[in-house]
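Trainee: Here the protein sequences come in this chain order: X and U.
Counted the way the working numbering counts, the first sequence spans residues 3 to 252.
Counted the way the working numbering counts, the second sequence spans residues 216 to 483.
Read the hints as simulated data drawn from the structure, not as lab findings.
Watch out, some of these pointers could steer you wrong.
Only some residues are given here: those of chain X computed to face chain U with a beta carbon under 10 Å [unchecked claim]:
#, residue
1, Ser-52
2, Gly-149
3, Asp-155
4, Gln-172
Counterexamples of contact, computed for chain X against chain U with all Cβ distances above 10 Å [unchecked claim]:
#, residue
5, Met-3
6, Leu-36
7, Leu-41
8, Asn-44
9, His-54
10, Asn-83
11, Ser-89
12, Phe-113
13, Phe-180
14, Gly-196
15, Asp-204
16, Lys-247
Here are some of the chain X residues that sit facing chain U, going by a computed Cβ distance under 7 Å [stated by the list, open to error]:
#, residue
17, Arg-8
18, Ser-10
19, Gly-12
20, Asp-146
21, Leu-148
22, Ile-213
23, Pro-215
24, Asp-217
25, Leu-220
26, Leu-221
27, Ala-242
28, Glu-243
Note that this is a predicted model, so its numbers are computed, not measured.
The C-beta atom is built at its ideal place from N, Cα and C for all residues, glycine as well.
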Amino acid sequence: MGLIGRVSSGRSSLCSAFLGLIPHFYPGEFTGSLIVDGLSVNDSSIAKLSTHVGLVFQSPVNQLSGAGTTVEEELAFGLENLGVPHSEMVRRVNEMLKLIGLTSFRKRSPFELSGGQQQKVAIASVLIMDPKVLVMDEPTAQLDPLGSRLVFDFIKKLTKRGITIILNTQDINQLAEFADRVLVMDNGMIVRDGTARDVLTDINCLNSHGINPSDLTLLSSELKKRGLYKGHLCLTMRDAELMVKKVIKK
Amino acid sequence: MTSLITVKDLSFSYISGVKALDGINLDIGKGEVIAIVGHNGSGKTTLVKHFNGLLKPTSGVVLVNGIPTVGLTTAHLSRTVGYVFQNPDDQIFNSSIYSEVSFGPSNIGLKGSKLKSRVNEALELTGLSSIKGKHPLDLNLNEKKMTTIASVIAMKPEVIILDEPTSGQDHDGVKRVELLVKELSKSHTVILISHDMGLVSRVANRIIMMWDSRLIFDGPIREAFTKNDLLAKTDLNPPVITELAQRVGLMPDIFTVGEFIDALKKRK
Chain X
3 MGLIGRVSSG RSSLCSAFLG LIPHFYPGEF TGSLIVDGLS VNDSSIAKLS
53 THVGLVFQSP VNQLSGAGTT VEEELAFGLE NLGVPHSEMV RRVNEMLKLI
103 GLTSFRKRSP FELSGGQQQK VAIASVLIMD PKVLVMDEPT AQLDPLGSRL
153 VFDFIKKLTK RGITIILNTQ DINQLAEFAD RVLVMDNGMI VRDGTARDVL
203 TDINCLNSHG INPSDLTLLS SELKKRGLYK GHLCLTMRDA ELMVKKVIKK
Chain U
216 MTSLITVKDL SFSYISGVKA LDGINLDIGK GEVIAIVGHN GSGKTTLVKH
266 FNGLLKPTSG VVLVNGIPTV GLTTAHLSRT VGYVFQNPDD QIFNSSIYSE
316 VSFGPSNIGL KGSKLKSRVN EALELTGLSS IKGKHPLDLN LNEKKMTTIA
366 SVIAMKPEVI ILDEPTSGQD HDGVKRVELL VKELSKSHTV ILISHDMGLV
416 SRVANRIIMM WDSRLIFDGP IREAFTKNDL LAKTDLNPPV ITELAQRVGL
466 MPDIFTVGEF IDALKKRK
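Same shape as in the complex, but just chain X (with noise of 0.2 Å):
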């Protein structure tokens, strides 16, 4: 599930609800519920829901824990603050090493790796954790291309796995490759929620929100407007040239 709206709509205090950040740790009023696999936030401890609930945080620094000089010591960390016996400790760091592609880089620091890779490194130190839901703030905004693609790809890999995401995001043509449903906030609510089609495709919603719609939307919108185009909007590439084929054709 993707969540995307503007700047302060409440997309990270939303995320920071799942896993009880609020109202566990920022003060304030909290009132209703939330309830994550079956737990209360309101009466579960962020320690409990984090057995439950992964958090990946935008900037890959702030998530590894610096306890480990290592990869493989990063990916053990949460896993020897539960007790986890040595060899399943073992045996889940060598399927994250291989999930993330670093198995050569194991024994390597944390910090000499590529933003990308850090981000990797984050995602799976969560992963490790076996969460029913992997909750991801913004997890590229700090990324350059490079690093984007190598984590979108990864997140991609993951939807694979029958675990829950849900990505907070600005990047509506990623979104668009793979999430099923569109959760669009403002002034701190949900103001739509639908298949990712449905949102994405929604340009009267997108723009009055402040998302950019994808240009490829745009197009289509204008190929139907001047009559040269009959078929629904466009959201990914491969849409968008069928599209333009059948133009041209006519």
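Using the hints provided, position chain U relative to the given structure of chain X.
Mentor: Chain U only, in chain X's frame:
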């Protein structure tokens, strides 16, 4: 065109021996809007830090207004070349927007009404006038970014360097930065380091590509987007609309939905 910054055979190595710039030649004229692009670690920031004297060449020379930077201090050069850091938190240290923005100009001796009008002008341009008393810790990311840009504008430099000004900004924030860059470019030379090729294509007219400490392309932006080998090398993504035009065999240098439709009409 008068040359404002001239770079001749510039090489730079860090004390560790790592070569960060290798044989750079470059001329930057008054009023240009130049984008510098390339991987993290390709030398972009190292290059621009030579323009305001934060770094001095290992070999070669950098001239600002015809004077070699080697004899000048950053304090002196900052009146000509202003540098806005990527991360606002690296730059902001005062307790209100107003005091942050007035710090630089008061340091170079401005006082009273002169100081006030200089600061207010910068706040006006960046849209911060109505919140000038706010504490920097209470600002959102866009307001923080605008504060750092305002404090550089208030020094009235001829050149403004913006290092990744849209990183972490949302759509509104990117739009505000974009409008500001367009406004600044009317009266300044603007150097923009960015990965956002959409933004770059809308504001800049010249692009410099860095790769592995070297300058591998310097020319008009439209030409750059047709160099697929260089784009691949530097891992830059052309805007989606440009990529679509290339995939379906329309002109390779289309930037906007409007241009796309025009090209499509011609094709039909």
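Trainee: Next step is simple, just say for each hint if it's right about the structure.
Mentor: Going down the list of hints, with the structure as the test:
1. Ser-52: With Cβ-Cβ at 25 Å, over 10 Å, it is violated.
2. Gly-149: Nearest chain U Cβ about 8 Å off; hint holds.
3. Asp-155: Status violated, d = 13 Å.
4. Gln-172: 6 Å, holds
5. Met-3: 19 Å, holds
6. Leu-36: 24 Å, holds
7. Leu-41: 31 Å, holds
8. Asn-44: It holds; Asn-44 of chain X is separated from chain U by about 27 Å at its closest Cβ, greater than 10 Å.
9. His-54: 29 Å, holds
10. Asn-83: Consistent with the label, Asn-83 of chain X stays out of reach of chain U, its closest Cβ about 29 Å off (over 10 Å).
11. Ser-89: Answer for Ser-89 of chain X: holds, closest chain U Cβ roughly 38 Å.
12. Phe-113: The assertion about Phe-113 of chain X holds, with a minimum of 14 Å to chain U.
13. Phe-180: Fine: 16 Å to the nearest Cβ keeps Phe-180 of chain X off the interface.
14. Gly-196: Non-interface label on Gly-196 of chain X holds, nearest chain U Cβ at 19 Å vs cutoff 10 Å.
15. Asp-204: 15 Å, holds
16. Lys-247: 6 Å, violated
17. Arg-8: Constraint on Arg-8 of chain X satisfied, holds at 5 Å.
18. Ser-10: Given a least distance of 5 Å, the restraint on Ser-10 of chain X holds.
19. Gly-12: With a minimum Cβ separation of about 12 Å from chain U (threshold 7 Å), the hint on Gly-12 of chain X is violated.
20. Asp-146: 5 Å, holds
21. Leu-148: It holds, given that the least Cβ distance between Leu-148 of chain X and chain U is near 4 Å, below 7 Å.
22. Ile-213: 5 Å, holds
23. Pro-215: Where the cut-off is 7 Å and the nearest Cβ of chain U is about 10 Å from Pro-215 of chain X, the hint is violated.
24. Asp-217: Holds. Min distance 4 Å.
25. Leu-220: Holds, about 5 Å.
26. Leu-221: 5 Å, holds
27. Ala-242: 5 Å, holds
28. Glu-243: 5 Å, holds
The structure fails to meet hints 1, 3, 16, 19, 23 from the earlier list, while all remaining hints are met.
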